[in-house]
Each structure stands twice: as structure tokens, then as C-alpha cells.
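Student: Quick mapping for you: the protein sequence lines, in order, are chains Y and H.
Each residue of the first sequence is one higher than the one before, counting from 6 in our numbering.
Each residue of the second sequence is one higher than the one before, counting from 6 in our numbering.
It should be emphasised that the hints constitute simulated quantities derived from the structure, not laboratory data.
Small disclaimer: the values here were computed from a predicted structure and weren't measured.
Backbone N, C-alpha and C fix where the C-beta goes; we use that ideal spot for every residue, glycine too.
The reader is advised that the hints may include incorrect statements.
Far from chain H, by Cβ distances over 12 Å, these chain Y residues were calculated [said to hold, decoys possible]:
#, residue
1, S28
2, I41
3, V44
4, S103
5, E106
6, D108
7, D164
8, H248
9, N254
10, L275
11, G289
12, N320
Capping the alpha-carbon separation at 25 Å, the derived lysine-lysine pairs in DSS-like fashion look like this [as the list claims (entries may be wrong)]:
#, chain 1, residue 1, chain 2, residue 2
13, Y, K255, Y, K152
14, H, K323, Y, K255
15, Y, K143, H, K239
16, H, K152, Y, K152
17, H, K120, H, K268
There are 2 protein chains.
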Amino acid sequence: MKTVRIAIIGHGFMGHEHEAMLSEMDGIQLVGISDIDPVQLEDVKKGIKRYQNNEELFADPEVDVVLIAANNNQHHDLVIQAARAGKDVICEKPVAMSLEELDDMVRVTEECGVKFTVHHQRRMDPDFRIMKEVYDQKELGEVYMLKNSLYGFNGNMHDWHIYKSEGGGMLYDWGVHLLDQILWMMPGAKITSVYADIRNVINEEVDDYFKILLRFDNNVTAEVELGTYVLTDKEQDKWFERHWIMSGNKGTAYVDGFDSEGKIVRTTRLLSNAGNGRTMTAAGPTRSFGPPVPGILTTEALPEVNTCHRDYFENYIKAYNGEEEFLVKISETRRVLALMDAVRESGRTGKSIAFE
Amino acid sequence: MKTVRIAIIGHGFMGHEHEAMLSEMDGIQLVGISDIDPVQLEDVKKGIKRYQNNEELFADPEVDVVLIAANNNQHHDLVIQAARAGKDVICEKPVAMSLEELDDMVRVTEECGVKFTVHHQRRMDPDFRIMKEVYDQKELGEVYMLKNSLYGFNGNMHDWHIYKSEGGGMLYDWGVHLLDQILWMMPGAKITSVYADIRNVINEEVDDYFKILLRFDNNVTAEVELGTYVLTDKEQDKWFERHWIMSGNKGTAYVDGFDSEGKIVRTTRLLSNAGNGRTMTAAGPTRSFGPPVPGILTTEALPEVNTCHRDYFENYIKAYNGEEEFLVKISETRRVLALMDAVRESGRTGKSIAFE
Numbered sequence: 006m007k008t009v010r011i012a013i014i015g016h017g018f019m020g021h022e023h024e025a026m027l028s029e030m031d032g033i034q035l036v037g038i039s040d041i042d043p044v045q046l047e048d049v050k051k052g053i054k055r056y057q058n059n060e061e062l063f064a065d066p067e068v069d070v071v072l073i074a075a076n077n078n079q080h081h082d083l084v085i086q087a088a089r090a091g092k093d094v095i096c097e098k099p100v101a102m103s104l105e106e107l108d109d110m111v112r113v114t115e116e117c118g119v120k121f122t123v124h125h126q127r128r129m130d131p132d133f134r135i136m137k138e139v140y141d142q143k144e145l146g147e148v149y150m151l152k153n154s155l156y157g158f159n160g161n162m163h164d165w166h167i168y169k170s171e172g173g174g175m176l177y178d179w180g181v182h183l184l185d186q187i188l189w190m191m192p193g194a195k196i197t198s199v200y201a202d203i204r205n206v207i208n209e210e211v212d213d214y215f216k217i218l219l220r221f222d223n224n225v226t227a228e229v230e231l232g233t234y235v236l237t238d239k240e241q242d243k244w245f246e247r248h249w250i251m252s253g254n255k256g257t258a259y260v261d262g263f264d265s266e267g268k269i270v271r272t273t274r275l276l277s278n279a280g281n282g283r284t285m286t287a288a289g290p291t292r293s294f295g296p297p298v299p300g301i302l303t304t305e306a307l308p309e310v311n312t313c314h315r316d317y318f319e320n321y322i323k324a325y326n327g328e329e330e331f332l333v334k335i336s337e338t339r340r341v342l343a344l345m346d347a348v349r350e351s352g353r354t355g356k357s358i359a360f361e
Numbered sequence: 006m007k008t009v010r011i012a013i014i015g016h017g018f019m020g021h022e023h024e025a026m027l028s029e030m031d032g033i034q035l036v037g038i039s040d041i042d043p044v045q046l047e048d049v050k051k052g053i054k055r056y057q058n059n060e061e062l063f064a065d066p067e068v069d070v071v072l073i074a075a076n077n078n079q080h081h082d083l084v085i086q087a088a089r090a091g092k093d094v095i096c097e098k099p100v101a102m103s104l105e106e107l108d109d110m111v112r113v114t115e116e117c118g119v120k121f122t123v124h125h126q127r128r129m130d131p132d133f134r135i136m137k138e139v140y141d142q143k144e145l146g147e148v149y150m151l152k153n154s155l156y157g158f159n160g161n162m163h164d165w166h167i168y169k170s171e172g173g174g175m176l177y178d179w180g181v182h183l184l185d186q187i188l189w190m191m192p193g194a195k196i197t198s199v200y201a202d203i204r205n206v207i208n209e210e211v212d213d214y215f216k217i218l219l220r221f222d223n224n225v226t227a228e229v230e231l232g233t234y235v236l237t238d239k240e241q242d243k244w245f246e247r248h249w250i251m252s253g254n255k256g257t258a259y260v261d262g263f264d265s266e267g268k269i270v271r272t273t274r275l276l277s278n279a280g281n282g283r284t285m286t287a288a289g290p291t292r293s294f295g296p297p298v299p300g301i302l303t304t305e306a307l308p309e310v311n312t313c314h315r316d317y318f319e320n321y322i323k324a325y326n327g328e329e330e331f332l333v334k335i336s337e338t339r340r341v342l343a344l345m346d347a348v349r350e351s352g353r354t355g356k357s358i359a360f361e
């Protein structure tokens with residue numbers, strides 16, 4: 006297989022991540038890195054070129070593929086410039102700031118005959134892939150509810166992500182990942198309606214909280230909720246309980262945190278009074294919401310998955326050599342962008358938006 | 006103060022609860038109990054009359070007030086019959102199956118000049134009152150998010166609650182309480198839109214899962230989510246974590262379970278990178294969603310409240326004697342019923358519903 010020779014535009018957080026990964030992968034040669042801020046290039050590893058500017062990068066005949074990890078608002082122009090220079094392109098997510106931008110990028114990359122895909126590496130997140138496996142294997146019967154929650158502790162966003170003009174905010178930073186995961190998990194399902202609450206809680210310019218409900222025609226309602234400032238004082242090892250919950254009429258699966266502790270939980274009895282179990286609480290007696298009687302719950306291990314972000318580029322190498330399809334198709338990223346438009350419209354109007 | 010002489014219609018779960026409480030309260034005399042099923046009367050306590058039928062109850066001159074704890078679909082007729090018999094009325098929630106029923110009940114009780122209120126005792130739940138106190142005291146700055154979650158383990162509903170014709174289902178059983186709590190917490194706020202997902206997951210006839218989002222004009226989006234079949238295998242003492250979460254731009258408050266463990270959590274720093282903290286996870290590095298660095302979170306105790314369901318009837322005695330207002334006004338229960346209509350319409354159509 007031909008080694009893929011890649012150059013990176015942008016040596017910020019993701020640029021550094023890419024540098025670390027690509028410089029150690031077989032099948033990829035990391036040729037060089039550019040950044041509009043020369044200071045950002047000072048710590049580029051030995052043996053990797055430091056381009057003075059993007060023109061020098063685009064002109065480098067040793068570069069097959071440009072990996073664009075610049076600020077979100079630069080994706081459009083950089084993808085087009087790279088394509089016009091005859092380079093294949095991997096763009097960071099969100100691929101574009103609007104559908105119009107994306108359609109423009111698609112037109113030019115097609116005209117130039119270059120390969121074009123997007124770095125949606127979170128399709129390889131083990132926590133997500135476990136839930137996808139539970140869904141694909143129909144472990145829970147008819148799934149009705151799927152929820153992904155992410156709570157942070159400091160309201161903080163980083164670097165240029167605090168600026169609206171740069172494409173900042175959590176919808177662009179994490180939202181596109183979380184929505185892409187849900188859509189890719191259930192590829193045949195159409196979204197019938199979208200409802201979203203979006204807030205700038207701590208940040209002035211950009212969103213740092215959102216709750217998005219997607220109603221699908223396969224009977225699932227999926228929720229993604231993210232807040233950079235929804236606080237808890239749980240112990241560190243319990244920090245991120247119930248990152249994912251999926252529930253069906255045959256049980257519930259949950260995943261705690263990114264490192265994917267979790268279980269499938271079922272009941273041994275259904276629709277029978279649990280010994281007429283009546284729990285007295287400070288809010289009076291309850292039959293439905295007390296703790297379970299011993300023995301009524303059973304657990305099973307979650308399916309095992311073995312994926313990591315490196316797999317994104319392993320696929321890229323094979324797909325570049327024609328041995329596989331690219332993991333991320335532009336049509337999929339276009340659907341996510343269209344969904345983001347509906348999400349923002351719902352957040353702005355307070356109304357649900359019909360979709361698909 | 007005049008002792009309030011009460012008779013109960015319906016000796017099921019709530020009838021028994023009322024019997025236990027009212028028979029031991031000063032200021033109230035529990036005169037008697039009726040039930041359409043004579044077997045239900047076998048365990049009525051000594052010294053309390055067992056009426057052969059409701060007519061006998063209505064005709065009893067020793068009865069001032071009829072407390073209606075029969076199936077939901079019987080509330081309308083029983084309230085009207087009690088009023089026509091000249092009795093004051095306390096009706097269990099939901100007060101009626103429709104706005105039309107309620108308006109009818111209001112007309113007749115006004116015509117008959119009898120007192121009419123509803124048993125929304127969950128306004129006295131300590132878990133709820135703590136959150137209301139946090140809200141009233143503006144402990145969290147500008148609140149944007151309020152969430153009440155209740156997950157059960159067996160899909161079970163009890164007795165007649167499994168039948169649609171009797172007014173069964175969790176929306177009627179718990180939903181009206183949870184919505185009433187939210188509306189009563191923020192009495193000045195108008196609801197601008199309602200979005201709901203309602204399911205029959207395990208039960209054939211009646212709803213046993215719902216997620217309801219209420220957007221208010223005070224900038225709060227409130228969520229109530231309840232599922233009788235959303236399972237977890239947490240230890241018993243952790244069974245019901247995060248029953249309530251309220252978040253504002255100055256912190257988050259949470260309450261675990263009905264017995265109201267919880268904290269107010271704040272951060273010592275805001276909008277600063279937490280030491281550029283980068284946590285490596287199985288899903289790659291994260292700066293926003295790793296566990297907090299030591300010292301960044303501070304906690305405060307939740308406000309103390311001292312309320313219980315008995316307070317509902319303590320208020321009733323005083324209000325009956327003209328010393329206080331009745332805790333629960335019919336106009337408030339009418340608003341909850343109207344909201345329930347919007348909730349069901351949203352659940353049915355999958356669209357948000359404009360409200361107020």
C-alpha cells in the first residue's frame with residue numbers, strides 16, 4: 006500500500022493531537038505543518054517541515070493530503086485552496102459553517118478531482134461504539150429512549166472556541182460529534198422532529214449548554230445534553246456516571262464516562278407488584294419509585310468493542326488505497342450540518358422543527 | 006378552631022394513606038369511609054363508620070367535608086354529588102379528566118356554595134421544597150435549567166392505574182404532581198412552549214414513560230422525565246441520585262432521592278483554563294469534560310426545609326376556619342390540566358405546542 010503523505014494546517018490543540026498520532030503511524034508520513042502564528046510552530050517535532058505559510062504547504066510536491074485543523078471559520082477557504090492545489094483533503098469537524106459553504110467545497114473538490122472527507126473520529130469512541138453495538142444487536146428489545154449527557158465543571162471553552170466569529174461554541178465543538186454519533190448509529194432512521202434549548206450560560210459570545218431532542222421514525226427519541234457548567238461534587242471515579250442511557254422494553258443499558266464502565270440491566274419480573282413493595286420516604290410512600298427489592302434486577306456485561314481514534318486514520322490509509330470506503334462520507338456531514346441548522350432554529354424560536 | 010369532620014370515598018392506596026393520617030390529626034375528625042367494593046372496607050379502623058354506599062355518606066349530617074380518593078374517572082361525578090349534598094370537597098389529583106369536567110365541577114360547587122380544593126400534597130415534598138427554596142433565594146444566579154427525573158425498575162403500575170378508562174397511567178399518577186410542583190415553584194412565569202415524548206413502554210393501555218420540556222418566559226427550561234422502566238443497578242443508597250438538578254450561572258444544586266441528600270456546587274474559577282487540564286480518556290483527550298482539578302469545586306449545604314404531607318391538612322384546617330388561604334387553588338389545578346392537554350397533544354403530534 007502506498008504511504009499517505011500528509012501535511013497539517015493549524016498547530017493548535019487538534020493539530021498537536023494529529024501530529025502525535027500521524028507521526029507514529031505506519032502507512033502515513035507526516036510531511037509538514039503550517040500555522041498562521043509562527044509561535045505555534047516552535048514545538049513541531051524534529052523531521053517534520055515547518056511551512057512559512059500555506060502557499061508553501063500547498064506547493065510542496067511531497068504532500069498528497071492536507072489535514073485542515075485550523076479554526077472552524079477557515080475550513081471553507083482552506084479546503085478550496087487545498088483542492089485547487091490538487092491536494093486531497095481531510096477537514097476537521099464541523100466541516101463548514103453552513104450548508105452553502107459545504108456545497109461550495111463539494112463543488113470545488115469534485116471539479117478538482119480530489120478526495121474529501123471529514124475527521125469525525127468520535128465514531129470510534131468506545132463509549133459510543135458500545136451503545137451502537139447494544140443497539141445493533143437489539144439487546145434491549147424496542148428501544149424508545151437514548152440519552153447522551155456531558156457535564157463539565159468550569160464553563161470553560163478554550164482558545165478560539167470562545168469567539169463566535171471563529172466558529173466557537175459547544176455546538177460546533179462537541180455538538181456535531183454527538184449528533185453525528187446518533188445519526189451514524191441509526192443510519193436508516195429519519196428524523197421527524199427536532200427540539201433544542203441552547204444557552205450562553207457563562208460565555209458571552211458562544212453557546213455552552215444545549216439539550217437537543219431528536220424524534221426518529223424508528224420510534225426512538227434521542228437526547229444529547231451538554232453543559233460546560235452543570236456541576237456535581239461526585240467523587241472522581243463516579244464523576245461521569247450515566248454518560249449514556251439507552252432504554253427499551255427489554256432492559257436498559259448505560260455507560261459511565263468515556264472509559265466505558267456500564268451494564269445492561271433487566272428485570273426478572275414485569276408488570277407485577279414487587280411484593281406490593283411500599284417504600285416510605287420523606288415525600289410519603291411510593292410503590293413505583295423506591296429502591297428495587299433484592300433479586301428483581303439482573304445485569305449483563307456490555308458488549309466489548311475495540312476501537313480508538315487511530316482507527317480513523319487506519320481506515321483512511323486503506324480507503325486512500327482503494328481497499329475500503331472512507332469512514333466519513335460528505336453526504337453524512339451534510340446531514341449533520343442541516344440538522345445543526347434545525348437545532349439552531351429550534352433554539353432560537355423555542356419551537357420544534359420538522360426535519361426530513 | 007372548629008374541628009373539620011371528614012369522610013373519605015375510596016379505600017384504596019390513597020384512601021388508606023388518608024385514613025392513617027387523618028385519624029391521628031388534631032383538628033380533624035375522620036367520620037367514615039365508603040368504597041364501592043365492600044371488601045375494601047374490611048380493614049377500616051375501629052371508630053370510623055363504614056358506609057354501605059355513597060348516598061349514606063352524603064346523607065350523614067356529621068360529615069362536613071368529603072375527601073374523594075376514588076379512581077380518577079369518578080372524580081367528576083363524585084365531586085358534583087358531594088357538592089349537591091352540601092358537602093365541602095377535597096378531591097384527589099388529577100382533579101378531573103378534562104377541562105370540561107373541571108369547569109362543570111367548578112360551576113356546581115360554586116352554585117352549591119361549598120368549598121372545593123385538590124389534594125396536591127406533593128407541594129410539601131421536602132425534595133421539591135428544597136429546590137423551591139434554592140430558586141426563591143436566587144442561590145444559583147440566573148437559573149436556566151431545572152430537571153426532575155424519576156426512574157423505576159419494574160414497569161409496574163398498580164391497581165386501576167393500568168386501565169385507561171379509569172384514568173390510569175403515569176401522567177395522571179405522577180405527572181400532574183411533577184407539573185404542579187414546577188408551576189407552583191415559579192408562579193409568575195408563563196410557559197411559552199411545551200414539548201413532550203410520551204410512551205407506553207411496558208403497559209398496554211397507559212403511559213409509563215414521559216419526558217416533558219417546559220420553556221418559561223423567565224428564561225428557565227424545566228424538564229420532568231419519568232420512566233417506570235429505566236433501569237439501573239446502583240447500590241440501594243445511591244439508587245436515586247440526581248432526582249433534581251437546577252443549574253444557573255452561579256452554580257448547580259442537586260437533590261438525590263426523596264430523602265433529600267444534596268448540595269449546592271460552585272466553582273472557584275470561571276472561564277479560565279483549569280491549568281490547561283487535559284485528561285486522556287479511551288475516547289481521546291478532553292479539556293472540558295475530564296474530572297475536576299482538586300480545589301476548583303466548592304459545595305454548600307442545601308437550605309433546610311421542614312415540610313411533610315401532613316402540612317397539607319394542617320393548612321386545610323386553618324383555611325377551613327378562615328385563618329389562611331387554601332394551599333391549592335382550583336385555578337392552579339385548571340392550569341395544570343390545560344398543560345396536561347398540551348403535553349398530550351405534543352406527545353401525539355411530535356411537535357412543540359405554544360402555551361400561554
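Student: Checking one constraint from the list: CA of K255 of chain Y to CA of K152 of chain Y, max 25 Å. Satisfied?
Tutor: Since the Cα atoms of K255 of chain Y and K152 of chain Y sit roughly 17 Å apart, the hinted pair holds (cutoff 25 Å).
Student: Examine each Cβ of chain H, and state whether all of them lie more than 12 Å from the Cβ of S103 of chain Y.
Tutor: S103 of chain Y clear of chain H: closest Cβ-Cβ about 25 Å, beyond 12 Å.
Student: Please verify that the nearest CB of chain H lies beyond 12 Å from N254 of chain Y's CB.
Tutor: violated, 5 Å
Student: Is it true that the CA of K152 of chain H sits at most 25 Å from the CA of K152 of chain Y?
Tutor: holds, 14 Å
Student: Does H248 of chain Y really sit off the interface, with its C-beta more than 12 Å from all C-beta atoms of chain H?
Tutor: violated, 9 Å
Student: The output says G289 of chain Y does not contact chain H. Does that hold with a beta carbon cutoff of 12 Å?
Tutor: violated, 5 Å
Student: Confirm or reject: D164 of chain Y is not an interface residue toward chain H, with every Cβ-Cβ distance exceeding 12 Å.
Tutor: At roughly 9 Å from the nearest Cβ of chain H, D164 of chain Y sits no farther out than 12 Å, so the non-interface label is violated.
Student: Verify that the Cβ of D108 of chain Y lies farther than 12 Å from every Cβ atom of chain H, and report whether the claim holds or is violated.
Tutor: holds, 29 Å
Student: So is I41 of chain Y really clear of chain H, every C-beta pair being over 12 Å apart?
Tutor: holds, 21 Å
Student: Decide, holds or violated, for the assertion that all CB atoms of chain H are farther than 12 Å from the CB of V44 of chain Y.
Tutor: Holds: least Cβ distance 16 Å, greater than 12 Å.
Student: Holds or violated: K120 of chain H and K268 of chain H, Cα atoms, limit 25 Å.
Tutor: It is violated: about 40 Å lies between the C-alpha atoms, which goes past 25 Å.
Student: Could you check that no beta carbon of chain H comes within 12 Å of the beta carbon of S28 of chain Y?
Tutor: holds, 16 Å
Of the numbered hints stated above, those contradicted by the structure are hints 7, 8, 9, 10, 11, 14, 17, listed in ascending order.
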